[in-house]
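Student: Make a model of the complete structure from these sequences and hints.
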Amino acid sequence: TQLLEQSPQFLSIQEGENLTVYCNSSSVFSSLQWYRQEPGEGPVLLVTVVTGGEVKKLKRLTFQFGDARKDSSLHITAAQTGDTGLYLCAGERTSGSRLTFGEGTQLTVNP
Amino acid sequence: DAGITQSPRYKITETGRQVTLMCHQTWSHSYMFWYRQDLGHGLRLIYYSAAADITDKGEVPDGYVVSRSKTENFPLTLESATRSQTSVYFCASSHQGIYGYTFGSGTRLTVV
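Chains as they are written, first to last, in this note's numbering: chain A, 1 to 111; chain B, 1001 to 1112.
By construction, these hints were calculated from the structure, which means they are not laboratory data.
Incorrect hints may have been included.
Said to hold, decoys possible - Heads up, simulated SDA-like pairs for lysine to any residue below, C-alpha to C-alpha not over 25 Å straight-line: (1) B:Lys-1057 to A:Phe-10; (2) A:Lys-70 to A:Asn-18; (3) A:Lys-59 to A:Gln-106; (4) B:Lys-1057 to A:Glu-92; (5) A:Lys-70 to B:Gln-1096; (6) A:Lys-70 to B:Leu-1045; (7) B:Lys-1011 to A:Glu-41; (8) B:Lys-1070 to B:Val-1112; (9) B:Lys-1057 to A:Val-44; (10) B:Lys-1011 to A:Leu-86.
Tutor: Have a look at this one:
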């Protein structure tokens, strides 16, 4: 059983569309991170959220941490082909503990 | 160049052979990690290290050995490779183990 469930697993959209990816758990996390991974490369950190209800924006990407710190979402506005990749959420159960990763959402943005 | 480098990028080995994957980081990060990435399982932690000479098991440590005699290096050894260890292996480092991990580009290992 995955501690962090990501949905959807696969998402294929057209350039210019909006999308939301979800990361859910029954456990509380002290912090949650989002990474993007491109083929043949390691994951790259996008953002870390630590406060319940926190919203962070990174250009067209908006990240939200749930009030109860059990879930998170990533919203992309006006997707571009360069957004294509595997998006991974990762949570830290307690401060200083090891990260647990979700299985990821494979996003394909078609021109 | 500063960063985290893994070698080799690709490796094919035979069942039963010993193979070592190398990881080197130039940030002097205290924490280093080894993950394997497989379809259907995502990233799973094999071993991690909080400092030189301090290592600890992760989620899937069986069949693997690590050492960390120097802060910058964290090699992963498969003592007797099995086909189930065919995977993509990622090394990562972090300052104090939190606030984001920096990953290497990975080693794609095939055991035949």
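Student: Among the hints numbered above, which are violated by the structure, and what are their numbers in rising order?
Tutor: When the structure is compared with the hints, numbers 1 and 8 turn out to be violated.
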